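Number of protein chains: 2
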Amino acid sequence: MPERDLQYLSDLAAQLRVDSVRSSAAAKSGHPTSSMSAADLMAVLFTCHLHYDFARPENPANDHLIFSKGHASPLLYSLYKAAGAITDEELLSFRKQGSPLEGHPTPRLPWVDVATGSLGQGLPVGVGIALAARLERLPYRVWVLCGDGELAEGSIWEAAEHAGDAGLANLTLIVDVNRLGQRGPTRHGWDTGAYARRFGAFGWHTIEIDGHDPGQIDFALSDARNTRRRPTVILAKTRKGEGVLEVENREGAHGKALKDPVTAIGELGGPRDLTVDVHRPEPGAEPYRFGAGALSLPEYAVGERVATRTAYGEALAAVGAARGDVVALDGEVADSTKTEEFATAFPERFFEMYIAEQQLVAAAIGLQVRGWIPYAATFAAFLTRAHDFIRMAAVSRASIRLVGSHAGVSIGEDGPSQMGLEDLAMMRAVHGSTVLYPCDANQAAALTAAMAGLDGVSYLRTTRGETPVIYPPGEHFSVGGSRVLRQSPADRATVVTAGVTVHEALAAADELAAQGVAIGVIDLYSVKPVDAAALAEAATTTGNLITVEDHRPEGGLGDAVLDAVSELGPRVVKLAVRDLPGSATPGQQLANARIDRHAIAEAVKRLL
Amino acid sequence: MPERDLQYLSDLAAQLRVDSVRSSAAAKSGHPTSSMSAADLMAVLFTCHLHYDFARPENPANDHLIFSKGHASPLLYSLYKAAGAITDEELLSFRKQGSPLEGHPTPRLPWVDVATGSLGQGLPVGVGIALAARLERLPYRVWVLCGDGELAEGSIWEAAEHAGDAGLANLTLIVDVNRLGQRGPTRHGWDTGAYARRFGAFGWHTIEIDGHDPGQIDFALSDARNTRRRPTVILAKTRKGEGVLEVENREGAHGKALKDPVTAIGELGGPRDLTVDVHRPEPGAEPYRFGAGALSLPEYAVGERVATRTAYGEALAAVGAARGDVVALDGEVADSTKTEEFATAFPERFFEMYIAEQQLVAAAIGLQVRGWIPYAATFAAFLTRAHDFIRMAAVSRASIRLVGSHAGVSIGEDGPSQMGLEDLAMMRAVHGSTVLYPCDANQAAALTAAMAGLDGVSYLRTTRGETPVIYPPGEHFSVGGSRVLRQSPADRATVVTAGVTVHEALAAADELAAQGVAIGVIDLYSVKPVDAAALAEAATTTGNLITVEDHRPEGGLGDAVLDAVSELGPRVVKLAVRDLPGSATPGQQLANARIDRHAIAEAVKRLL
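Those sequence lines, one after another, are chains A and B. Here full-length UniProt numbering is used: position 189 in the first sequence is 189, and no number is missing along the way. Here full-length UniProt numbering is used: position 274 in the second sequence is 274, and no number is missing along the way.
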């Protein structure tokens with residue numbers, strides 16, 4: 001590389017450091033030192049290797065850059081300024097109310113694909129984007145910047161395994177090995193060889209460099225671009241706070257503005273106003289999309305016994321036939337979740353993520369970055385493994401569809417480790433989420449199809465065992481709606497439930513009717529958003545609500561009902577799974593948990 | 001090994017297979033094939049290497065054996081039978097209602113340390129037990145049996161990293177590489193070298209063997225016992241369903257009883273009645289415990305401004321001085337959570353788990369298996385990373401103390417990725433959990449101390465910013481209690497809140513009092529169990545409750561209150577964080593979320 005270019009890169013890196021110091025100083029907080037260590041790496045990437053059209057972030061041929069170390073946001077924003085995407089004034093709005101330049105990057109900025117800040121997530125999401133590139137047959141690259149500390153996260157190794165095995169040569173991980181975590185030294189310090197051995201064992205091409213030498217960085221990035229059949233990790237030895245004596249390579253300098261920014265900026269050669277002309281990708285690229293047809297959902301005859309998980313699988317295959325942008329992922333249980341129906345029909349659009357639920361959800365997030373409509377399924381219980389990714393998906397404004405099978409005690413003999421009993425609580429608390437829990441096959445099929453059009457994080461809860469079909473094929477079930485299954489002017493209470501216990505409630509209603517007690521039954525298949533109007537009517541007409549759910553008493557359907565009617569003041573009794581189940585048959589489990597027909601009938605009598 | 005011994009081991013393994021087939025056949029479900037692949041491995045372990053006193057499972061010198069592949073429970077129970085711990089009749093109660101022989105092992109059986117069944121958890125928990133052995137200065141060993149499929153879980157690699165780095169030579173992982181997962185072949189099939197390269201890179205001693213050859217197994221287990229300074233992984237190539245043509249090495253034979261158990265048992269040589277005399281450990285061993293003294297909690301003057309996280313840290317150090325069995329763990333943020341106070345005072349009892357929250361919680365679970373009292377802390381938001389481990393801790397009847405700092409929007413500028421806004425929902429839905437959320441430093445200190453005596457999973461939610469001390473030092477705060485902070489006969493509504501918003505509620509009460517409106521204020525520091533009596537009194541006297549929480553509206557304090565008063569029918573208005581925050585100062589965040597003093601006062605006026 002000519003001396004003149006090296007000087008430019010060095011000057012640009014200094015500017016990025018200065019701007020990181022300035023923006024953090026203006027905010028009086030932030031992570032300037034974690035930004036300064038990676039400044040040279042990013043200066044070379046932006047100048048020589050990234051292909052990105054900042055004027056058209058929606059350009060499908062753009063590369064993707066993810067700051068997995070989201071706390072280095074001052075560096076990212078300084079890069080945006082150097083690339084002409086934001087002004088210096090905007091840069092200095094960092095961390096202030098109303099500014100899109102948040103403490104950690106979010107897609108409020110059009111150049112940010114996903115929110116980061118919870119460490120170890122950028123790489124798994126990058127794997128999803130890199131997988132999308134294959135589907136789309138486009139040559140864009142995915143660049144992920146990680147810190148060294150976050151390599152301790154298991155999710156990094158789920159991603160390393162998936163990327164290595166899939167041979168994602170379009171994925172490059174750049175690790176800013178600055179030796180210092182938040183509290184003190186990282187486990188491996190500057191031993192880049194320790195990381196290289198690990199990534200090498202997972203099938204990656206590894207390069208160890210001095211992360212402050214532009215020539216070495218340029219060589220490594222070129223090498224990564226030229227590597228075939230394998231992802232590349234660049235392990236760059238750097239110094240945290242590089243260039244400023246107050247903080248350089250010092251403990252206790254994490255996550256705070258510099259004490260003396262004026263001196264620091266002086267040490268760094270003062271403010272500069274360099275611009276970087278980032279290469280734009282070749283024009284005219286269009287992502288490949290699969291063919292599509294008319295939607296023809298499976299139909300189940302009323303009275304037939306079909307598991308809702310089966311209906312999900314068959315409906316997903318139908319949705320896949322109707323929409324070429326639908327993809328499916330599964331956590332090595334597709335024969336149980338029934339995603340297998342889709343996998344068989346559309347093998348190119350199915351992703352086996354093996355037993356790695358964090359990567360399962362992260363890949364879905366990455367795929368939706370590129371406009372795909374992902375459905376990701378595993379047992380409801382095991383989605384808890386990906387809770388942090390689901391939480392962050394909401395911050396990313398990501399639209400993903402999650403499907404949890406084997407919900408509740410009704411799975412039977414397998415016992416509590418396999419029972420999704422906390423999933424409704426987890427999914428309801430996700431910002432902007434939709435939570436659906438069908439009770440029969442036609443409803444499950446209809447809701448599976450409806451999810452394709454939903455924004456945000458949506459969740460479908462399915463049941464292992466067969467349940468009778470009660471709705472005719474072709475009925476519409478709106479998100480946010482409910483169905484009144486039993487209602488009469490004589491109703492003295494209303495049972496509100498969803499899923500497997502709908503059938504228990506109907507049986508209880510029949511049993512009570514035979515004894516002269518009329519009750520209403522509402523199928524609250526949309527747990528969030530909840531049909532507040534229908535619940536309010538029930539609350540005000542009968543004044544007595546009984547909620548029933550195959551779920552813990554906290555945070556699920558019962559709480560959703562209580563919340564909806566809280567300002568009206570009806571009496572509400574909640575039936576839910578209060579004890580720790582063991583092994584038993586499905587019927588015994590429902591009885592033991594006191595959410596079966598007899599328990600419901602008893603609860604009604606007790607209430608009246 | 002003499003021919004006679006080899007014949008015995010072979011016969012014992014056949015018996016274990018037969019009993020796995022028999023018990024699964026009796027249950028009409030279960031995982032016989034996943035049991036059969038590991039039968040030789042376990043026959044040799046039990047006969048030659050395990051040290052365990054089945055008559056005294058509480059013997060502190062016993063080895064620990066964890067079936068991380070918990071679905072191989074038929075094999076585990078067949079081993080218990082061979083060891084004389086259970087009868088054949090008990091074996092055949094497998095998966096039946098009331099039987100402690102559940103579909104997946106749980107500590108209802110005295111020889112089971114922790115529940116498994118959610119894959120990838122046994123090894124990280126084993127790391128915790130192996131760490132305990134060092135503290136206790138005891139020579140017991142930890143044996144973990146994993147499947148090959150579960151090695152895709154990131155938690156396995158968090159554990160591999162921790163064990164390799166810590167040089168846990170007392171930990172041996174035995175991987176039953178039977179090539180077949182639930183749905184189909186695993187990623188690496190029988191390529192034990194692929195796993196060996198990975199574990200080797202993480203610093204483990206690796207041995208690759210034929211998992212059906214007793215001589216090779218015995219050699220490998222001896223090698224593991226003799227290896228110093230490194231954990232050992234034995235990668236054993238096996239065949240799923242080994243010994244029975246119906247299922248041997250076949251896809252589609254996962255997780256179901258055999259179709260033809262009679263033929264299978266015949267192929268395996270018929271039932272046997274061998275017993276295995278497991279070596280008992282040397283008598284007289286006692287675990288080392290650290291010295292202890294009197295509890296002297298930190299005291300904070302009323303009016304002083306102290307963060308509850310600071311009080312947690314200082315109180316934990318005091319608890320550590322008072323109790324030699326208290327240990328602390330942190331996820332590389334001890335300077336933020338303030339676990340650092342303990343780490344400085346008791347470095348031997350502090351575990352830096354780095355940025356690996358699953359291993360953080362798993363190590364706590366492992367330590368409590370050995371009677372230690374663990375406190376594990378990280379940001380509240382990042383505890384979601386360990387949700388599945390927390391869920392399973394409840395199934396394990398484990399007593400662990402979790403501490404989540406930086407709760408809520410009140411952290412300020414860092415933005416939503418760092419805000420614990422779903423933690424109350426997650427922790428409340430855990431079976432048997434305790435959820436505490438103090439509002440001042442003396443309360444935080446008292447609750448930190450109280451947690452040491454709690455059974456089950458308990459959770460303390462702390463706040464980043466300083467809050468005024470309102471309770472004098474030395475006050476007692478019972479778990480399940482609450483405090484009435486404002487009350488008068490003229491009260492027209494009661495605000496129920498906890499943590500940082502207690503101070504907002506008090507300010508709102510003052511503001512309203514100045515306008516002639518009296519309201520009550522309850523500090524509901526115990527979110528679970530909740531003080532139903534106090535809430536019922538407020539609900540019936542004022543009839544109007546306003547809940548306020550720095551948390552999502554779903555599953556948190558508001559829902560806890562609604563649940564407690566649901567049968568009384570008061571009007572309840574819930575203030576919570578409904579939008580997606582950005583960056584802003586703590587005060588702006590509370591105002592934006594409409595949970596500050598002004599929002600509370602307005603809500604009261606609107607309600608009245």
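Calculated from the structure, these hints are not laboratory results. Since the structure is predicted, the reported quantities are computational estimates derived from the model, not experimental observations. There may be inaccurate statements among the hints.
Same chains, same label: a pair holds when it works inside one copy or across any pair of copies.
Stated by the list, open to error - Below are the SDA-like pairs computed for lysine to any residue, each with C-alpha atoms no more than 20 Å apart in a straight line:
#1 Lys-256 / Leu-568
#2 Lys-28 / Arg-228
#3 Lys-96 / Pro-261
#4 Lys-96 / Gln-588
#5 Lys-259 / His-476
(request) Indicate which option fits the pair Lys-28, Arg-228 if close means a Cα-Cα distance not exceeding 20 Å: within, between, both or neither. (result) neither (45 Å within a copy, 50 Å between copies)
(request) Could you figure out if Lys-259 and His-476 sit no more than 20 Å apart (CA to CA) within one copy, between two copies, both or neither? (result) Answer is neither: 62 Å inside a copy and 41 Å across each miss the 20 Å cutoff.
(request) Since the copies are identical, ignore which copy is meant and state whether Lys-96 and Pro-261 lie within 20 Å (CA to CA) inside a copy, between copies, both or neither. (result) For Lys-96 and Pro-261, only the intra-copy Cα distance (19 Å) is at most 20 Å; the inter-copy one is 69 Å.
(request) Give the relationship of Lys-256 and Leu-568 under a CA distance limit of 20 Å: within one copy only, between copies only, both, or neither. (result) Neither. Shortest intra-copy (48 Å) and inter-copy (50 Å) distances fail the 20 Å Cα cut-off.
(request) With 20 Å as the alpha-carbon cut-off, assign the pair Lys-96 and Gln-588 to within, between, both or neither. (result) between (56 Å within a copy, 10 Å between copies)
Going down the numbered hints, you'll see the structure goes against 1, 2 and 5, while the others check out.
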